Amino acid sequence: MTIEAENKEIEASIRDVAKKMLSEKQVDVIIGYSQGTLPLSSTPIVIRNEEQVDNLIWDNLCYINLARYLAPLMPQLCDSEGNALKIGIVSKGCVGRAVNLLAAEKQIDLDKVKMIGFNCNGNVNRSKIAMEIGEKEILDVSITGNEIIVKGKDWEQNFPYSEYINELCKVCQVKIPSATEATCLGECQQLESINDEFADIDEFEAKSTEEKWDYIKKELEVCTLCYSCRQACPACYCNLCFVDQNKPIWFNKTTEYTDIFTFHLIRSMHLAGRCVACGACSSVCPVGIDLNFITRKLEKIVKTRFNYTSGLNAKTLPPMMNFKMEDAEEFMLEED
Amino acid sequence: MEQKILKKEDIGKLYNEFSSEYKFYAPIKQKGNIVFERIENPDDIVLDYLNSRIPPKSILFPQMEVLFEYKLDDKDVEITDRQDLDEKFMIFGIRPCDAYSYELFANFFSFHGNWKDEIYLKKKENTTLIGIGCNTPRSTCFCTSVGGHPFNKENMDVFLTDLGETYLVEAISDKGKEIVKKLSWLSDAADKDVKKSEELAKKAEESFVTQIDVDTIVKNLEKSFDHPVWDEISEVCIGCGSCSYLCPTCTCFDVIDETDQYNNKGRRVRIWDTCQSCLYTLETSGHNPRDTKIQRCRNRIMHKFSYYPANYDLLGCVGCGRCIMVCPANNDLRDHLAKIEKIGKEEKEEKAVV
Amino acid sequence: MTETVLEKKVEEKWEPKIIAFLCNWCSYAGADLAGVSRIQYPPNIRIVRVPCSGRVNPYFIIKSLTDGWDGVVVSGCHPGDCHYISGNLVARRRFAILKELLEFFGIEPGRVNFMWASAAEGERFAVLIRKATKMVKELGPNTKFQKEW
Amino acid sequence: MSNPYIPYLTRVKSIVTENKVNDIKTVELEFKNEEDYKKFDYIPGQFAEISIIGKGECPIGIASSPTEEGTIKFTIKKMGTVTSAFHASELGDIVGVRGPCGNGWPIEEMKGKNIVVIGGGFAFSTLRSLVLYLLDEKHRKDYGDITVIYGNRDPGEVLYKDVLDEWKKRDDIKVVLTIDREAEGWTEEVGFVAPIVKKVAPSPDNAIAVVCGPPIMIKTTIAVMEELNWGPEAILNSLEARMKCGIGKCGRCNIGNKFICTDGPVFSLAELKELPDEY
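Chains as they are written, first to last, in the numbering used here: chain A, -19 to 316; chain B, -16 to 337; chain C, 11 to 159; chain D, 74 to 352.
Honestly, the hints are just simulated from the structure, not real lab data.
Check before you lean on any hint, since a few could be wrong.
Derived lysine-lysine pairs resembling DSS-like cross-links, with alpha carbons at most 25 angstroms apart [claimed, not checked]:
no.: 1; chain 1: B; residue 1: LYS14; chain 2: A; residue 2: LYS150
no.: 2; chain 1: D; residue 1: LYS111; chain 2: B; residue 2: LYS58
no.: 3; chain 1: B; residue 1: LYS160; chain 2: B; residue 2: LYS6
Listing some non-contacts, in silico: residues in chain C with all C-beta distances to chain A over 12 angstroms [what the hints assert, rightly or not]:
no.: 4; residue: LYS23
no.: 5; residue: TRP24
no.: 6; residue: GLU25
no.: 7; residue: LYS27
no.: 8; residue: ASN34
no.: 9; residue: ALA39
no.: 10; residue: GLN50
no.: 11; residue: PRO52
no.: 12; residue: PRO53
no.: 13; residue: ASN54
no.: 14; residue: PRO61
no.: 15; residue: GLY64
no.: 16; residue: HIS93
no.: 17; residue: ARG102
no.: 18; residue: VAL137
no.: 19; residue: LYS147
A quick note: this is a predicted structure, and the numbers were derived from the prediction, not measured.
Backbone N, C-alpha and C define an ideal beta-carbon position, used for all residues, glycine too.
So that you can see chain A by itself, here it is in the shape it has in the complex:
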C-alpha cells in the first residue's frame, strides 16, 4: 500500500471515530490537524461538532505535537467554570507517548482525555526539503504514491518519501499509543520495536572533544533564544521556566554562546527520560537547528543506562523521578 493510500485510509478512519465520539458525547472537543494555508505545513484545529469533522486531515506534514495544548490546558479547552472538558486527541505514536508522559506526571487525568490512535506512517523532514529547494518559493506540496511532489511557479521536484522521512520517524519505536489507553483504528498491533542502535550518535561520540565542541557550537550558535522549541515541546509545561526566573536572576538572556549553551544543556537535562522523540522542536525552530541530534543522545543514555523508553504507558515513573540501589556508577571518581 503506498503512503498516499495509507494517508487516505487513516484520514477516513479518524473522521469516522471522531464523528462517533462526538455524536455519542464521549468527548466535548477533539484536537486534530487540518489543512495548512502554507505548503509543507498543517494547522492544529479544535472541533466541537460533527459538521466540522471533515476539516480533520492526516498526511505526513502533521508535525506539531498536539499534547502541547493539554498542559498547561489552554482556556479554549475548558468550560466556563474553567475545569477541563472531555478531550479527544488525534494521536500519532509520539502524541500518544506525550499524553502518557503527562498522565504519569499527573499533569492531566486520563479519563478526561481519549486518544484516537492509528498506525502512524511518519512525518516529512521539512527542513531538509526546504534546505534543498533553497530560495525558490514553494506553492504546493502533495504526497502521491510514495513520493513528495513539490511544485513552484514554473518548476516541480519529486522527493522519495523513504529518504525524506523525518530522522526520528525512521527509527520510531512506538508507531501507535499503547493499545490500552487508545481507541485504535484498524488492527492495533504494536510493531516490533526497531532496535535503534543510535549509530550516528556513537559515531559522533567517538570524535575528539574539540571536534564535538566545534560541531555543537556551529550548530547552536545561530540560536536566537526565542524558546519556540520550549513552547512546542509537550514535556515543557512549567509555568515559570528556569530561564524566566527573576528572584534571583539565574540566567542571563543575552545571545552569546555561553547562554545558548546553558539553555540547551539544562533543557536537555530536564528532558532526560521524558522526551518522546516527536521532533516538534526541530520542525518549529525558526533558524533550522537540528535539535533532534541532542534528543536522540538523551534517548540513547536513557535506553542504555535504564533500559527505558518514555511514554509507553501512563503508570511507570520516568527514570529521573525514581532510582535503584544498583544503578551503574562507573563514571564516579575512584581511588586507583
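Following the hints, complete the assembly by docking chains B, C and D onto the known chain A.
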C-alpha cells in the same frame, strides 16, 4: 538624475570601494537561511533571494545591545557610554518593506515621552541603504495592501532594479548621489533598461496574490476588543513569539544588568522581548494584566493594526509576511485579518436577515 | 583570552580553580577529618557546603563552568548511608546523565568529577581531590566561555 | 543628544524604616553633582526609574515634594530583586536615577479647586508629595480646602507618621486616618476606606479627587464617589504596570494605545473608561 548600470560581477568592486569606510552588511546564506550579516568577502553575498529569514532590523536594533557599561568599586560606580555609535553602516540588498520598517522604528523610538532613543536614531543616521526591488514577491507578501510597493524607492539611498545580468542603479537621496558619484566606473543606463525596470515594477505589482482591505480592519478593531473572534485567533497559538522576533516592526525589548562579579564590572543590556511571553506584563505582585494567550495574541494584532493608526496614523505592519511563514502552528495572519474584516459584515447580515 | 595570554598562563605555573560541592553530612566532615589529621591535599578547591549531593542542581555545575571555574567536584555520601535516605541515589542518576551530556556538548571529561567520600574517609577524600586537581591541571584553563566585554 | 538610558548618579543620604514589619523603607537620595539635580525638575505624581547598578532597575513613585530642596525620597517595599537590593543598601551607596517619568498630578488644572486625597496602604508616596506641594506656602493659596483620607490595615502600616502629625496640627487641611479593624491605642476612624469616604462625604462641586491604593480599594471607593455624584473626569488615579524603560520605548506598559509610563501614570476615570479593561 541619470541612472547607471551595475554589472552583477562588479559587486565585489562596489564592496571594496566602501568596506573600509562602512560596516558592509549584505544577505548571506547561514545554515540554509538568508540573513543579513557583516561580510568580509563579497563572494558570500547571495543575490537571488526573495527576502531574509531574520529581518535587517537585527543590524540597527540587534537582539542584544549594550546600553552602557559600568565598573563597580565598593562605594562608587563609573558609567561609560557607548563609544561606537558614529560608525557608518552600509546595508546592501535590503528590500523596500524592510527599509520602510526602519522609518517605523525611528518614528516609534522618538514619539513617546520627551526622550528619544538616541542609540537607534544615531545609528540610523549613519546608515546608507542600497536596496533592491522585488521582482518576484512571495505569495505571503501583502505590502501593496498596507501602503507599500515592491519597488517603493522612498526610504532608500540607492535603488537597484534586477534586470537579469545587470542592475539599474538610481540614486534617491543625496547620500545616494554621493555614493553613485564615487562609483565613477558605472556605465550609463540606456532607455531600454529604464523601460524594462518599469515593466518589472508593473509585473511585480500585479503578481500579488494576497489582498487585504486594511481600512475596514482598522475601523472594526476600534470596537471589537471583547469580540469572541480573539478566541478563535489564539486557539492554536503555542505562544512561542517567533512572529515578533522575526517581525521587522517589533520594537519591544527587555533590559537586564549583566555583572561579572569576579571582575567587578558589567553592562546594562537590552534584548529583544515578545508580548507573547507570559512574563512580559507580569508584575512583581503577581498580577498580570495579560496572562492568557487570548489577550496576548490580541495585543500583537491590535498594536499593529489599531494602536499604531490611533497614535501615529501609520500602520504598524509592512506586509513582509515573515510572521506567516515562521509560525509553527501555521496560524495565518491573513486568516485573522479576514475574520476581523468580516466582523462588521456579519452583524449587517444578521440585521438584514432579522 | 587571546592565544598569547593562554601560553603565558600555562608556563607561569598556572593553578586551576576548582569548585567543590561537598555534602554536609559525609564529604564535608571527610574534608574536615583530612584537615584535622594533617593530610595534605591541593588548595585549589573552594568548598561549597550543600545539605546533600541531591541538592546539587545541574545548573550549579554549568553556571560554575560558564563563570570561569576550571573544574567542578561534587562529593556525597556512599549509596545507602545518605542522611536523607535517597538524596545521593537520585543525584547519581542525575550526574550520570549530566556527565554524558557534558561530554556530548564538548566539555573535556576531566573537568567535572563526582565522588563518594564518607565522614571517616579523610585519606580517600584527599587522594580523590589530588586526582581531580591533577586531571584539571592537565586540561589547562577553561577558556571556552569567554564573554566579550 | 545623550543616551536616555544612562541614569544620574546619586548617593543614599538616609534610610528610614516606615513600618513595623520592616519591609517598607524610605530612601533619601542626594545627587552626586548639582547640575543633574537642576535637570531633574519634577512635579508631584511623577515617578523615576531608580536602579542599583548591577542588579536592575524599577519604577518607583517620587515620595518627596519638589518643595523639599536638595534631595529626593522614594518609598520602597521589599518585593523583588532590585527592591531587596535597596533594602540591603547602606548610607553612601550609589543609586542610579533616571527620569522624571510620567505626567504626574495635574497641579495646574487643580488650581482654584478643592482637593480630596484618598490613599490606601503603601501607595501613599506620590500623594505625600502632592499634599506637601499643596501645603507649601508658595502654593497653598492657589487651592481650595484639602481633605486627606488615608486607610491602612493596622497602625503599624501607617507611613510618614511625622508628616501626618504636622498636617493634623494645621487648620487648612482635614486629615482622616482609618484602619481596617479595631486596634488598641487607635483613637481615629475604624473601617475600610470606602465607608469612611461615604461618612466624610466630600462635596464634588469644584473639586478634584485623587485616589491611589490597591485595586480593591479603588473599585469600592469609586463606587461610593459615584453615589456622591462625583463626575468621572474629576476622579484621578495613578496606575501601576511592569515597566522596563519608563520612557515609552520598551512597549510593555500599554493599555490599549496609551502607555502608562508616558501618557500616564495619572489617568482620570473618564479616560480609563474609554481604554480597554486590561490593566
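Right, here's what the structure says about each hint:
1. B:LYS14 / A:LYS150: holds, 23 angstroms
2. D:LYS111 / B:LYS58: holds, 24 angstroms
3. B:LYS160 / B:LYS6: At roughly 19 angstroms apart (the allowed maximum being 25 angstroms), LYS6 (chain B) and LYS160 (chain B) satisfy the hint.
4. LYS23: Since the minimum Cβ distance to chain A is about 24 angstroms, LYS23 (chain C) lies beyond 12 angstroms and the statement holds.
5. TRP24: holds, 19 angstroms
6. GLU25: holds, 20 angstroms
7. LYS27: It holds; LYS27 (chain C) is separated from chain A by about 17 angstroms at its closest Cβ, greater than 12 angstroms.
8. ASN34: holds, 19 angstroms
9. ALA39: holds, 18 angstroms
10. GLN50: GLN50 (chain C) clear of chain A: closest Cβ-Cβ about 16 angstroms, beyond 12 angstroms.
11. PRO52: holds, 14 angstroms
12. PRO53: Given that every Cβ of chain A is farther than 12 angstroms from that of PRO53 (chain C), nearest at about 19 angstroms, it holds.
13. ASN54: It holds; ASN54 (chain C) is separated from chain A by about 15 angstroms at its closest Cβ, greater than 12 angstroms.
14. PRO61: Correct as stated: the minimum Cβ-Cβ distance to chain A is 18 angstroms, above 12 angstroms.
15. GLY64: violated, 10 angstroms
16. HIS93: holds, 16 angstroms
17. ARG102: Incorrect as stated: the minimum Cβ-Cβ distance to chain A is 6 angstroms, not above 12 angstroms.
18. VAL137: violated, 5 angstroms
19. LYS147: holds, 15 angstroms
Consistency note: the structure conflicts with the earlier hints numbered 15, 17 and 18.
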